[in-house]
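Could you build the full structure based on these sequences and the hints that come with them?
Line by line, the protein sequences give chains A and E.
Each residue of the first sequence is one higher than the last, beginning at 1 in the working numbering.
Each residue of the second sequence is one higher than the last, beginning at 1 in the working numbering.
Rather than coming from a laboratory, the hints here were simulated on the basis of the structure.
Quick reminder that beta carbons are idealized off the backbone N, C-alpha and C, glycines included.
Please note: incorrect hints may appear among the correct ones.
Which residues of chain A face chain E? A partial, calculated answer using Cβ under 10 Å [claimed, not checked]:
(1) I51
(2) R58
(3) D59
(4) H61
(5) P62
(6) S108
(7) A110
(8) P111
(9) H272
(10) D274
(11) A275
(12) A332
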Amino acid sequence: MHALARSLAKDRLAHAYLFTGPHAIGKTTLARALAQTLECPDTARPCGECIACKKIARDRHPDVQIIEGVPVGFKFDEKSPPPPPRANDWERRIIKIDQIRLLQHDISRAPFESPWRVIIVRRFEEANEEAANAFLKTLEEPPAHTRIILTARDASLLLPTIPSRCQVLALRPLAPAQIQTALRERWGVAAETARVLAHLAGGRLGWAIRASENPRLLEARHAHLAALHATLTEGHNEKILRAETLAKKDEDLPEMIEWWLSWWRDVLLTQHGDAARVSNIDFEDTLRAHAARFTLEQIQDALQAIRQTARQLAQNINPRLALEVLLLKLPA
Amino acid sequence: MKVSCMQENLTKGLSIVSRAVASRSTLPVLGNILIATDQGRLKLAATNLELAVTCWIGAKIEQDGATTLPARVLSDFINSLPPGQIEMDLNIKTQTMHLKCARYDANIKGIDAQEFPIIPTSSDGKKISVESSTLREMIEQVVFAAATDESRPVLTGVVVKADQDKVTFASADGFRLSVRTATLSAPVAEPVGVIVPAKALQEVARVSGDQDDPVEIAVTETKSQVMFKLTNTEIVSQLIEGQFPDFTRIIPDSHATRTVLTTSELQNAVKASSVFAREAMNTVRLQVAPANEMGGGKVTITATSAESGDNVSDVDATVDGDAVEIAFNARYLADVLNVVRASQVALETTGSSSPGVVKIVGRDDFVHVIMPMHIGK
Numbered sequence: 001m002h003a004l005a006r007s008l009a010k011d012r013l014a015h016a017y018l019f020t021g022p023h024a025i026g027k028t029t030l031a032r033a034l035a036q037t038l039e040c041p042d043t044a045r046p047c048g049e050c051i052a053c054k055k056i057a058r059d060r061h062p063d064v065q066i067i068e069g070v071p072v073g074f075k076f077d078e079k080s081p082p083p084p085p086r087a088n089d090w091e092r093r094i095i096k097i098d099q100i101r102l103l104q105h106d107i108s109r110a111p112f113e114s115p116w117r118v119i120i121v122r123r124f125e126e127a128n129e130e131a132a133n134a135f136l137k138t139l140e141e142p143p144a145h146t147r148i149i150l151t152a153r154d155a156s157l158l159l160p161t162i163p164s165r166c167q168v169l170a171l172r173p174l175a176p177a178q179i180q181t182a183l184r185e186r187w188g189v190a191a192e193t194a195r196v197l198a199h200l201a202g203g204r205l206g207w208a209i210r211a212s213e214n215p216r217l218l219e220a221r222h223a224h225l226a227a228l229h230a231t232l233t234e235g236h237n238e239k240i241l242r243a244e245t246l247a248k249k250d251e252d253l254p255e256m257i258e259w260w261l262s263w264w265r266d267v268l269l270t271q272h273g274d275a276a277r278v279s280n281i282d283f284e285d286t287l288r289a290h291a292a293r294f295t296l297e298q299i300q301d302a303l304q305a306i307r308q309t310a311r312q313l314a315q316n317i318n319p320r321l322a323l324e325v326l327l328l329k330l331p332a
Numbered sequence: 001m002k003v004s005c006m007q008e009n010l011t012k013g014l015s016i017v018s019r020a021v022a023s024r025s026t027l028p029v030l031g032n033i034l035i036a037t038d039q040g041r042l043k044l045a046a047t048n049l050e051l052a053v054t055c056w057i058g059a060k061i062e063q064d065g066a067t068t069l070p071a072r073v074l075s076d077f078i079n080s081l082p083p084g085q086i087e088m089d090l091n092i093k094t095q096t097m098h099l100k101c102a103r104y105d106a107n108i109k110g111i112d113a114q115e116f117p118i119i120p121t122s123s124d125g126k127k128i129s130v131e132s133s134t135l136r137e138m139i140e141q142v143v144f145a146a147a148t149d150e151s152r153p154v155l156t157g158v159v160v161k162a163d164q165d166k167v168t169f170a171s172a173d174g175f176r177l178s179v180r181t182a183t184l185s186a187p188v189a190e191p192v193g194v195i196v197p198a199k200a201l202q203e204v205a206r207v208s209g210d211q212d213d214p215v216e217i218a219v220t221e222t223k224s225q226v227m228f229k230l231t232n233t234e235i236v237s238q239l240i241e242g243q244f245p246d247f248t249r250i251i252p253d254s255h256a257t258r259t260v261l262t263t264s265e266l267q268n269a270v271k272a273s274s275v276f277a278r279e280a281m282n283t284v285r286l287q288v289a290p291a292n293e294m295g296g297g298k299v300t301i302t303a304t305s306a307e308s309g310d311n312v313s314d315v316d317a318t319v320d321g322d323a324v325e326i327a328f329n330a331r332y333l334a335d336v337l338n339v340v341r342a343s344q345v346a347l348e349t350t351g352s353s354s355p356g357v358v359k360i361v362g363r364d365d366f367v368h369v370i371m372p373m374h375i376g377k
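Written out as structure tokens, the structure reads:
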């Protein structure tokens, strides 16, 4: 961040940046802020008040383009409407070569109303190899008046030729206390909610803000944890039935897996006496109960079984069978 | 905002600007047409961020204002109205335009005009002025040679250069080059050179079709746009960034053979040959034979297809220089012959593997270079 601020102050920005970090940590927010800084005519850039800043904040600026992958099977061409917004963080999307080609056409033109053309390509790890390769030349030598910002979960997920052509900036998670203060002071979130969200966020302010605005995220978490707690006391038949029900909503499974992992991690931490780093702080009593009920080995096995299931689900294995195995493996 | 105007004028204005409405865009406002009052007239504008067309029509303005309305809905509705007065009244709060014409009423929902990109308008910068008929001819004689393939963006554009009292349009796609010059009525203060997308020039040619006044061409101060100012209409196009190859080096400075032909005869012969040429990578062969004791000079045009057969046509020609055999892409020959607008053309060649040059006899303001195709013996 300081490096970025320094090059801004000296007006010596790199032609291409790669912002890395987990989902909802603020990569695109930072990219927008950088775009505002470039386009804002005010001396105290970005002012946040002028038309340019406002348009960028709402993704309506003609010279600031945000490109995202399209859903699998989405036919992309010049005439196609913009792809629908992402259903959730785990939806699989692809950045296609045609999107890159259209982008290359756009940047061959001078910017329309502002000094720079800023291209933000989100989640570049979703670019297929063709698209990534087609982008290399542009990334190396973008036309004058063009700045490119890529975001990705991790630089290692990209072709090595991509990060080597960008200035890489890894965004680090924030401490829960920082998130808690920000939520309360800037987003007016109630104290207790802010405390819980700050711990659940895993350092991702963006996630905490989204969860504070959209109660569905927390409700879903409650449901996922409730299912986990219930299944720990269930018999064979009930587990098989539960696996079947869970498998029917397979788009929710990646989210469920994350919450289940975070739960067992917290049980492990509680057992170890490291309560300060626990994230599910609103379930303290249950955590303590589980920490007392299960042995260290059982907890480790549970974590391993969940991770294995996550891998299997990503590899297109029948979700019902994978879940049956997982539920049966969880300690009783 | 409260205005009234004639349905005929509005229809015409909308048809001029709608060509610039974006068909695909992440910005919803680009699917809209800007409607704003402007010094006693009504301004219509549309842009797809590459091309922006603004058009002014006469209107009675009772209250100033601006909004943007969806292009399709607006044009389709206005087109279906009877000729006569249309009254428009904008509800600023809901950004809804109320339209009334005879016994037809409509409310069209719009987007705030603030959202609309800022289209640069004529500055006091340096302008060049070109007769509109000359400009249309120049565009016609050059744009077809621009590349349609995006792999080299600069080649999809037309170089527009002005130096002293000469203006040059040039385009090339790697296989052919078209250059047309014209003399300006007033010399430019300093040379300018920009690359204008071919599509934008086609639009200028289309819109300037029924205008007699000269067209003013200006480059914005930021050097990112070019503006064509017509009577009541302005077309602004983004420029293509990059360096256009030095085309003057591609034009051969000498030739071994100069063949003068009647345009229509050559056109017909090429058309006949292209029937067979299309199955043979569009190759047509031209055998140029100077006059000898057997008769006058002629060009024999042949095309051979392994499947359908072959053809041979003779065209009389005045040949000055050596005999030569050269092959071209039939489409490229047809394209250039279509736009020369002259009864006689000259083909200058130096051999079967050197580029051929097509010129208009008696004029030196048009040069077209075509790369030859390989003649397999």
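To see whether the hints hold, each was checked on the structure:
no. : hint : in the structure
1   : I51  : holds (7 Å)
2   : R58  : holds (9 Å)
3   : D59  : holds (7 Å)
4   : H61  : holds (8 Å)
5   : P62  : holds (4 Å)
6   : S108 : holds (3 Å)
7   : A110 : holds (3 Å)
8   : P111 : holds (6 Å)
9   : H272 : violated (49 Å)
10  : D274 : violated (46 Å)
11  : A275 : violated (47 Å)
12  : A332 : violated (52 Å)
Hint compliance for this structure: hints 9, 10, 11 and 12 are broken, all remaining hints hold.
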